[in-house]
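So you can see what is in the structure, the chains are spelled out below.
There are 2 protein chains.
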Amino acid sequence: MKKRYLITPGPSPVPENVRFALAQEIIHHRTGEFRAYTAQASENLKKICKTENDVLILAASGTGAMEAAVANVLGRGEKAITIEGGKFGERWTELVKAYGGVPVVLGVEWGEAPDPKDVERLLEENPDIRAVYATLCETSTATVQDIEAIGKVVRKTGALLVVDGISSVGAMDMRTDEWGVDILVVGSQKALMMPPGLAFAAVSEKAWKVMEAAERTVYYFDLVKAKKSAAKNDTPYTSAVSMVRALCEATAMIVDEGIDNVLARHSLLGEAIRAAMVALDLRLLSKAPANAVTAVVMPEQIDADQLRKVMTEKYGVSVAGGQAQLKGRIIRIAHMGYMDKFDMITAVAALEMALVEMGQKVVLGKGVAAAQEVLMRG
Amino acid sequence: MKKRYLITPGPSPVPENVRFALAQEIIHHRTGEFRAYTAQASENLKKICKTENDVLILAASGTGAMEAAVANVLGRGEKAITIEGGKFGERWTELVKAYGGVPVVLGVEWGEAPDPKDVERLLEENPDIRAVYATLCETSTATVQDIEAIGKVVRKTGALLVVDGISSVGAMDMRTDEWGVDILVVGSQKALMMPPGLAFAAVSEKAWKVMEAAERTVYYFDLVKAKKSAAKNDTPYTSAVSMVRALCEATAMIVDEGIDNVLARHSLLGEAIRAAMVALDLRLLSKAPANAVTAVVMPEQIDADQLRKVMTEKYGVSVAGGQAQLKGRIIRIAHMGYMDKFDMITAVAALEMALVEMGQKVVLGKGVAAAQEVLMRG
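As given, the protein sequences belong to chains A and B, one line each in that order. Each residue of the first sequence is one higher than the last, beginning at 4 in the numbering used here. Each residue of the second sequence is one higher than the last, beginning at 4 in the numbering used here.
For the record, the hints were derived by calculation from the structure and aren't laboratory data. Any given hint might turn out to be false.
Identical copies look the same in the list; a pair holds intra-copy or inter-copy alike.
[Stated by the list, open to error] DSSO-like, lysine-lysine: derived pairs with alpha carbons at most 30 Å apart:
{"#": "1", "residue 1": "Lys231", "residue 2": "Lys90"}
{"#": "2", "residue 1": "Lys231", "residue 2": "Lys100"}
{"#": "3", "residue 1": "Lys290", "residue 2": "Lys231"}
{"#": "4", "residue 1": "Lys312", "residue 2": "Lys369"}
{"#": "5", "residue 1": "Lys228", "residue 2": "Lys312"}
{"#": "6", "residue 1": "Lys235", "residue 2": "Lys344"}
{"#": "7", "residue 1": "Lys235", "residue 2": "Lys330"}
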């Protein structure tokens, strides 16, 4: 017997009641019964995203919704600012290029947050920018971007602000309407406590106007068509019925706990992990650490992927590794979704034990104690 | 207490073991454990599609895979034949247009199958045709197209044969390799006994050559990128983990029963329904009826949607209605996937009872008896 602990930034654990909702007998998607699920999930998502805008449900993983936010917005040859500070920022650039757009890249050191003044400068230099593509939590570096400040800059222009909130919405504050986010993209398998396979897009009036006028090469991800169907709590193509029913269950848990309470819980868990890493003399990669996931730089002599192997194979505790240039250098400990205090204790304890196994001088329990100090406040 | 019977052409019923597979605890998608599921599902799908080609798994509904089969193949201004004999044939035309292609439409009366000679003629008249888009079972009219004969015509040319097998693969014979199908598109929620939310594409060497050379506006549905990942039993973007594990279970059931036995079962069920309709003096819409679903024309004085309402609300038995110009005129009784003899008896019995409720002169049990005669042979 070995229990397993999934402490990765998506997929993340799915509560039992959500999994049981998945297992229910199938119902038809073009029925009042199913439309009521769609309506309820959509209402719950609005509360979680703090928006009065339409929230559309797509049968795709998060990247599908990112593609929708490019394909529906950007005509060939049109310019967009993409903020690149990690793998998911780079995905915005790739998408803009794939659709024949011209990316104006705002490059940021991996682990650093973009300066909103740089966004402002690029917008001034390029008055023909159609959209700014940002990322609330750049999952690859566990770094938060100041969407509120970027929003203040973008809303003065005709450009749309598009935010990848895939790994962060439900874990970190996203005031979609207040901050002026025109398209917010979210995935199911992160803080929303669902399996992967659904993605969401919250769309502002400003964005609808742009999309309705744009010449678009898009079909499955046609958001304008999706909006028309959503007005009847329907989708243009077959809904992922079981997933949407489970989504109703998962989002209801968040709404029942209260989104701000959920965010406070994530904040506490993030703080606990960061305190534990500091106590263990481990460096945080990010200069603007997110509350959804923490990236920790391993000591030079430690191969992070080897360490993760020990954690998984010996202890059953899975954390994520680094991507691209960070491969083998960092681990990423998630604190998103269906996670509580003792998931954090487990992660820190397993990390300590694996570090000792790999010959590091670590005082067992030191990180755990630091986490406990924080967690007792919540 | 009212039991419910879903006898619709997708979503169709999902067996208990498949639903329980959906409810399992989540695992991470970038692990050997999950890659083994992907590999197994893919192997099973190959047997079901009778192909040695790669079978790719996409997190999307069937239309997403149809889009992939257009977006990856057709450059702007390039020509393709689309066979239109119903709603799903029309979708091919819409997709070709959405991607800036030029559809050469082969229109067929709804309910009739295309003549392969017409495909041959169009190919001769238009030597620059890049692809022919066909539909094994046009679900909206329950009509089968002769893919084998169309394949013989297309394989002599440089054009690709792309077939929508969304509602039919697993219910009707699809000899992908033998018939020369270059891209076969399949959906999860029809004969494969899964919830909606996954789609599959089986791709030939001839198609890979075209796609690798094509200039493509595609990202999430990039099949070339998906192929590279699939070689490692991986996907470019997050897999729909729970759905893929359930797919393993569902496709294993088909492989264990034996695909040809599964097809024979569908053939028998289809025949039983057709015999029942004839016994009830009801007309089949299709001149080339499919074994996945049967479309039945209602007597003139009967509103088919009103009849369906009686069947659903009074008896808990759901069948599908007609789409577009067939709305209110037909019902469609599915016999695909997780269905057996008594689902057919139930459908026929409920139809008889609802017809009587609506004032039709029907001898109760007459259609049932005709179905029984056929079903006893299996």
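Now for the hints, and whether the structure bears them out:
Taking the shortest Cα distances, Lys231 and Lys90 sit within 30 Å of each other only across copies (19 Å), while inside one copy they are farther apart (33 Å). For the identical chains of this complex, Lys231 and Lys100 are neighbours both inside a copy (28 Å) and across copies (20 Å), given an alpha-carbon limit of 30 Å. Within a single copy, Lys290 and Lys231 get their C-alpha atoms no closer than 42 Å, and across copies no closer than 35 Å, so neither meets the 30 Å cut-off. With identical chains, the CA atoms of Lys312 and Lys369 are at most 30 Å apart within one copy only, with a shortest distance of 22 Å there and 66 Å across copies.
In this assembly of identical chains, the alpha carbons of Lys228 and Lys312 lie at most 30 Å apart only when taken from different copies (28 Å versus 46 Å within one copy). Taking the shortest alpha-carbon separations for Lys235 and Lys344, neither the intra-copy value of 41 Å nor the inter-copy value of 36 Å comes in at or below 30 Å. Proximity of Lys235 to Lys330 under the C-alpha cut-off of 30 Å is restricted to the inter-copy arrangement: shortest distance 18 Å between copies versus 46 Å within a copy.
When held up to the earlier numbered hints, the structure conflicts with 3 and 6 and fits the remainder.
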